[in-house]
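Novice: Sequence:
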Amino acid sequence: MLTSANLVWLIALPLFSSAILLLAGKRSNSWGHVMATIVSACTFTVGAVEFFAMQGRAEESRAVTQKLFTWISVGSFNVDASLLLDQLSICFVLLITGVGTLIHIYSIAYMSHDLDRRRFFAYLNFFIAAMLLLVLGDSYLNLYVGWEGVGLASYLLIGFWNQKPTYATAAKKAFIANRVGDVGLSLAIMIAFATFGDVSFAGIKDQTENASSTQLTAIGLMLLLAACGKSAQFPLQSWLGDAMAGPTPVSALIHAATMVTAGVYLITRSNFIFDEAPIAQMMVLIIGGVTLLFGAIIGTAKDDIKKALAASTMSQIGYMILATGLGPIGYAFAIMHLLTHGFFKASMFLGAGSVMHGMKDEVNMRKFGGVGKFMPITALTFGLGYLAIIGVPPFAGFYSKDKIIETAFNAGGIKGITLGLATLLGAMITAFYMTRVVILTFFGNERWGHKDEPHESPALMLIPIGLLSVGSIASGFILSKGEGLVHWLEPVVNPLKEHHAEEFLPPIVVSAMTLLVIIIGVSIAVIKYRGDQLAIAPVKVSLLTKAARRDLFQDDLNEVVFMRPGQSLVNNLLNLDYLIIDGLVRAVGSVSITAGSKLRTLQNGYVRSYALMTVIGALALLTVIWAVTA
Numbered sequence: 010m011l012t013s014a015n016l017v018w019l020i021a022l023p024l025f026s027s028a029i030l031l032l033a034g035k036r037s038n039s040w041g042h043v044m045a046t047i048v049s050a051c052t053f054t055v056g057a058v059e060f061f062a063m064q065g066r067a068e069e070s071r072a073v074t075q076k077l078f079t080w081i082s083v084g085s086f087n088v089d090a091s092l093l094l095d096q097l098s099i100c101f102v103l104l105i106t107g108v109g110t111l112i113h114i115y116s117i118a119y120m121s122h123d124l125d126r127r128r129f130f131a132y133l134n135f136f137i138a139a140m141l142l143l144v145l146g147d148s149y150l151n152l153y154v155g156w157e158g159v160g161l162a163s164y165l166l167i168g169f170w171n172q173k174p175t176y177a178t179a180a181k182k183a184f185i186a187n188r189v190g191d192v193g194l195s196l197a198i199m200i201a202f203a204t205f206g207d208v209s210f211a212g213i214k215d216q217t218e219n220a221s222s223t224q225l226t227a228i229g230l231m232l233l234l235a236a237c238g239k240s241a242q243f244p245l246q247s248w249l250g251d252a253m254a255g256p257t258p259v260s261a262l263i264h265a266a267t268m269v270t271a272g273v274y275l276i277t278r279s280n281f282i283f284d285e286a287p288i289a290q291m292m293v294l295i296i297g298g299v300t301l302l303f304g305a306i307i308g309t310a311k312d313d314i315k316k317a318l319a320a321s322t323m324s325q326i327g328y329m330i331l332a333t334g335l336g337p338i339g340y341a342f343a344i345m346h347l348l349t350h351g352f353f354k355a356s357m358f359l360g361a362g363s364v365m366h367g368m369k370d371e372v373n374m375r376k377f378g379g380v381g382k383f384m385p386i387t388a389l390t391f392g393l394g395y396l397a398i399i400g401v402p403p404f405a406g407f408y409s410k411d412k413i414i415e416t417a418f419n420a421g422g423i424k425g426i427t428l429g430l431a432t433l434l435g436a437m438i439t440a441f442y443m444t445r446v447v448i449l450t451f452f453g454n455e456r457w458g459h460k461d462e463p464h465e466s467p468a469l470m471l472i473p474i475g476l477l478s479v480g481s482i483a484s485g486f487i488l489s490k491g492e493g494l495v496h497w498l499e500p501v502v503n504p505l506k507e508h509h510a511e512e513f514l515p516p517i518v519v520s521a522m523t524l525l526v527i528i529i530g531v532s533i534a535v536i537k538y539r540g541d542q543l544a545i546a547p548v549k550v551s552l553l554t555k556a557a558r559r560d561l562f563q564d565d566l567n568e569v570v571f572m573r574p575g576q577s578l579v580n581n582l583l584n585l586d587y588l589i590i591d592g593l594v595r596a597v598g599s600v601s602i603t604a605g606s607k608l609r610t611l612q613n614g615y616v617r618s619y620a621l622m623t624v625i626g627a628l629a630l631l632t633v634i635w636a637v638t639a
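Throughout, our numbering is defined as the position within the sequence shown, counted from one, plus 9.
Keep in mind that a hint or two might mislead.
[Stated by the list, open to error] Straight-line Cα separation of at most 30 angstroms, DSBU-like style, residue types lysine-lysine; simulated pairs:
#1 Lys369 / Lys490
#2 Lys376 / Lys549
#3 Lys460 / Lys173
[Unchecked claim] Just the calculated beta-carbon pair ranges, DEER-fashion:
#4 Pro402 / Ile545: 44 to 52 angstroms
#5 Thr554 / Arg36: 46 to 54 angstroms
#6 Val17 / Thr554: 50 to 58 angstroms
#7 Phe78 / Leu389: 43 to 51 angstroms
#8 Val570 / Ile295: 49 to 57 angstroms
#9 Ala521 / Met291: 45 to 53 angstroms
#10 Thr554 / Pro515: 34 to 42 angstroms
#11 Val570 / Ser221: 27 to 35 angstroms
For the record, the hints were derived by calculation from the structure and aren't laboratory data. Just so it is clear, CB atoms sit at the ideal spot from N, CA and C, and this is done for glycine as well.
Just need the whole structure built from these sequences, with the hints factored in.
Specialist: See below:
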């Protein structure tokens, strides 16, 4: 395999710039944001150079590697800190650095009034370095370092305004939920090492035929648990909505384009495990299907514009996870939807931030209304993202989501029909709630209640949104043209292996069905939300709406199943510690103190007392001698 000395710069540049900003402190206030943005752009340039160099090589020579140093060397177990850039990881590198740079530019204006803007940019660059390490590691152990790094960066960024208790709580919630998934990844690595004696992707891939189905299933299920935590999939999805408390650029970068897609990357990278573990693969399908409907239903009832988009992210990643469970061709379509989603969802998150910028940081859509005529550029770009996410042709989501729906139907039998109908239902609900978001925000009566009219955002915020909107329009066509992405990923996931299996439904029929359910979803939303709306949410609503407003009781479930029993267990352990362990220590101390107090009375300073004790002692000694010798 070829080597490239450039790979280290992909991680070193953002990592060093982050360290400089944190160490320089307030001295970098005036230039820190500029340096961080330039560094991010340089990282994208390095990625682009590697991409074009990769295109110029033969297919079998496109992957490159770089050894940094020997990390672990114990007997026969050796792990190098090495980087791997292949057809899969370059997709993520360009997405992370490209979208990341646009979000840096946006953040210069969005965070301009924040006194800690320098610290914010330091965290952003740290996150980019960790995310790049995650996708460039050539082994599960190297991936794990990046995996933990993005978890830490996410915690720091979500809780950036941690002086507000709700923001600090949201950060802790995200951190703890992610830890559950991290345990899964840790166990997967341990099982893989015990099974193969190796943790590198190439080493495990070469030995999968020597492992039992039980071992592969165990590894696959643990990897799925890890994916659920990082990608907010059922049952570890409760943190994503609360994480919207963080700054909006964070929502766009971490919760739309990069970190939450790490689970999709992990499963796709581990395709050689899941292809040989049908039970784990089936669980991937179930988790993906449940989450895509779960997130879509929650999205129908959210009045917070960012939380509605977060529920949408959960649902769209459900599509991707489901696709990875559909076999080799599913991996390619999952990555295609991941890339298109990165454009249109980041565009909409930044658009939501633009609306908030013009609405005095208000996030409740019921207090918007008619914003479109005051913020036409924001409305237009958000509308393009909306058309892409609901899958209207020829926008990006049409190409990627339709392929997943088509592949789901072609899975065959009852499974195929069930998955196909679930993805169609998800498309209809998505069309409904995203239309609701657009109508409540940009159309209808003005409900903001203050005298100042909304105003358009500055150019530094609008330019990145505009560029992302271009991706919302064109990325799907570019990636799907001539099955370009499918062929590109062939050396990694072998997507053409079962691609030409018998079709359950022709693509044109699937597209027609999808378009029909989209029209139904949009029509229901238009009928329901046309005309004047109230600035407060109605109280008399259906049970389903009440449940969706409470995130389908996921927090209540976590509280009943995990938090309360956990608190009870901890309290009991504390009481046990206090009564038994501490009690024994206290008893020993008490006896010593009492004995000491009693003995102290013997030291009274009177000669007669000491003479008496001497006589008593001598008599006692003589008694003992007599008893022994008698």
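Novice: Broken hints, numbered, in rising order?
Specialist: Hints 1, 4, 8 and 9 not satisfied by this model.
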